[in-house]
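Colleague: These are the residues of each chain, in order.
There are 2 protein chains.
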Amino acid sequence: MIKVSNKTNNQIELLCIGTELLLGNIVNGNARWLAEELARLGIPHFRQTVVGDNRERLMEVVLEASRRCRVLICTGGLGPTPDDLTTETLAAAFNAPLEERSEVLADIKAKLSARGRPMAANNCKQALLPAGATVLSNPLGTAPGMIWSPLENFSLLTFPGVPAEMQAMWEQTAVPWLQQQGLTSGIFRSRLLRFWGIAESSLAEQVAPFLEQQNPTVAPYAGRGEVKLRITAWADNGEAADALIAPVEQQLRQIGGSNYFGADGDSLASVVLACLRERGETLAVAESCTSGGVGAALGAVPGASDVFLGGVIAYANGIKQTLLGVPADTLANHGAVSEAVAIAMAEGVRQTTGADWGVAVTGIAGPAGGSASKPVGLVHFGVAGPEKSFGFMRLYGASRGREWIRGLSVGDALDQLRLALA
Amino acid sequence: MIKVSNKTNNQIELLCIGTELLLGNIVNGNARWLAEELARLGIPHFRQTVVGDNRERLMEVVLEASRRCRVLICTGGLGPTPDDLTTETLAAAFNAPLEERSEVLADIKAKLSARGRPMAANNCKQALLPAGATVLSNPLGTAPGMIWSPLENFSLLTFPGVPAEMQAMWEQTAVPWLQQQGLTSGIFRSRLLRFWGIAESSLAEQVAPFLEQQNPTVAPYAGRGEVKLRITAWADNGEAADALIAPVEQQLRQIGGSNYFGADGDSLASVVLACLRERGETLAVAESCTSGGVGAALGAVPGASDVFLGGVIAYANGIKQTLLGVPADTLANHGAVSEAVAIAMAEGVRQTTGADWGVAVTGIAGPAGGSASKPVGLVHFGVAGPEKSFGFMRLYGASRGREWIRGLSVGDALDQLRLALA
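Chains A and B, in that order, give the protein sequences.
Quick note on numbering: the first sequence equals residues 24 to 445 in my numbering.
Quick note on numbering: the second sequence equals residues 24 to 445 in my numbering.
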């Protein structure tokens, strides 16, 4: 091992490898995800670099980083194709020979065979790692990563560029390793509070004093419809961190009121399903403009099937009549995008499926199909329950575009059902 | 001016400045946007760096870059608040004094006054630029950028981090400057070919010679089920680039055979819809484990409603019987996850909706619900058309997890329908 001096302590850097990033084909979501994780773990990092799948330039960047930082976290370039050259380039940068790891080869073979795929010659190269490197196993794909310390006080971690694989490997093996190395200091715990039906700027204004405080910190994040507040506390141990978080969480939830719907891994769908499960009731959907999006969101939650029965995708008006029993004159008098039709759809799906609750969506997602009285972005909803039915509407505005309008519609349908069940 | 040697010609790099990027609060959309622009202009860039709003580290990164590249494009840190320190740090890095630009000060004053805002002391600092720098005026906001050559053969361009402002300034002033400098050369065009039903490694092996060639280049990308090949050509003009791409595209499509399904913005859903539209036929879906995912994918395509009628989400067995007419004894004899039930669902939805085609999915997405004979990841599909019905199945393997299994099921359902329509 070569002695490296002149390095400022425990610095960590990110290196994302991929020509597609330099061509602007994709956004660097991995850098954001890892940055958020490092912040959560209390590990500061001061630099991110992106290079293409180019041997010479990658080597230059890695050698530079090895003189600056203690840990370099690399993503990308671990696939089977010739342009995936991260592992071999890192090995060459530090003059280490590549070795075939038989356990990795066996794992790749088993995964491919389970998927009914042959082992390509390309795949064999994914089993080659530098001598001395530890395999960072990939529970999802064929590309393993590694943890390798080619120099004293300098370690490389490599991850595939596929986000799901990188994230699973990070959580299962990289985080424990960072903790073992003493790179995490104390413990950071965080809690994500989830809100729907309020703008990020409004929520941020209401919780402004919290955004200034230090431990725990509170940071807002906005998605498409959902707003999140992340509370992060640092302490010597988990209980102490939780004790810092609890009172802040309580206050933030109080401020959020009924806009608060869940925490951490909750989703609007999972909260609705849990609520119905507790009541021993079932749910069905009737979807026009979302065309299955509400059903897909519900079905994404493991175990949904004991509460969620299914429903009808009623894109065509004929289906609204035949499968949901919406009367022809309701359609003729009010139009397919109307409160009357939305309620009739919700009541119809409740009746035809025997579910306790029915929720319906009908709207104009665009880009075509809008009119002066019914513009693109107008969506009507219906909720039918054991005791009553009700409708509501939203005007999302055409500028948000088809996908965003459909996504907000799915969220608002589930959110109003949640409030009706509360 | 200091003479800088040892620099490889016209290299350009991106530097994005902002602590929010290092905390993972936002994704680096500016890097992606600028990367795409540079590719479009035929300007290769080989590195992107991200640093926080920190004087010392920013200075270090800029001085390093000045030894490597001809142009450094910087975003972020031009705002009025104390953590915005890009301009003053760049000036300090090259020992240049800051000068107040009266025309910039007047512009800031005018903009603030138009918004009914007072001129804050903070805003005055935005009028300070290094001696010798040219103002890169900001048509939207108060933060101007600059074009500055502090060293021979090294220029800095600065832009605010606000995407709309950065983009407007880029188009109005930066692009003409890059052209004047002779940095734009020819034009890059690219074409994305999309494949389904083949592993990235297999496709890459089949097209291996193409992956080695230079103009156009061919690079493979894998998603969840979909594999893409991007062909990128460089030429003096668009037609010449297209002429380089065309023969390669033709050969790659021939190699991909029926796994090739579309190019650029196509999706499996859009291709299926276009094919049905051409035939004057309609489609309905019957979904169990995907619970609306196939419908949502079809509905995501603008204008889907003239072909896609809707369908039934048959999560519960009762719905498979009542709304799809699957016989009780088919369910009892074969189980809900079986080819017989999948075909009966497809035929049932075809009949009940009057669609020309019905496609059905029933499977075990997990994590629970698997058995030795019907493991998690087993999915049966049915396709019913005007002339015949057929079933097929996939074993995705439990390790891929619920979301991935559901996503692959949506793709395979659409893909087999596509092949049936071909």
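Source of the hints: derived by calculation from the structure; they are not laboratory data.
One or more hints might be untrue.
What follows is a list of derived Cβ distance ranges for each label pair [what the hints assert, rightly or not]:
#	chain 1	residue 1	chain 2	residue 2	range
1	A	G155	B	E235	27 to 33 Å
2	B	S396	A	C147	31 to 37 Å
3	A	P199	B	L442	41 to 47 Å
4	A	R300	B	V198	28 to 34 Å
5	A	G280	B	Q204	38 to 44 Å
6	B	E59	A	A286	33 to 39 Å
7	A	P141	B	L174	42 to 48 Å
8	A	C147	B	R276	25 to 31 Å
9	A	P120	B	V198	44 to 50 Å
10	A	E223	B	E79	45 to 51 Å
11	B	G377	A	G280	43 to 49 Å
12	A	Q236	B	E59	36 to 42 Å
13	B	Q277	A	P325	31 to 37 Å
In this text, all values refer to a predicted model and were calculated from it rather than measured experimentally.
Glycine residues also receive a C-beta, built at the ideal position from the N, C-alpha and C atoms.
Colleague: Run every hint past the structure and note whether it holds.
Modeller: Structure-based check of each hint:
| no. | hint | in the structure |
| --- | --- | --- |
| 1 | A:G155 / B:E235: 27 to 33 Å | 31 Å, holds |
| 2 | B:S396 / A:C147: 31 to 37 Å | 33 Å, holds |
| 3 | A:P199 / B:L442: 41 to 47 Å | 45 Å, holds |
| 4 | A:R300 / B:V198: 28 to 34 Å | 57 Å, violated |
| 5 | A:G280 / B:Q204: 38 to 44 Å | 56 Å, violated |
| 6 | B:E59 / A:A286: 33 to 39 Å | 37 Å, holds |
| 7 | A:P141 / B:L174: 42 to 48 Å | 55 Å, violated |
| 8 | A:C147 / B:R276: 25 to 31 Å | 28 Å, holds |
| 9 | A:P120 / B:V198: 44 to 50 Å | 48 Å, holds |
| 10 | A:E223 / B:E79: 45 to 51 Å | 32 Å, violated |
| 11 | B:G377 / A:G280: 43 to 49 Å | 47 Å, holds |
| 12 | A:Q236 / B:E59: 36 to 42 Å | 39 Å, holds |
| 13 | B:Q277 / A:P325: 31 to 37 Å | 43 Å, violated |
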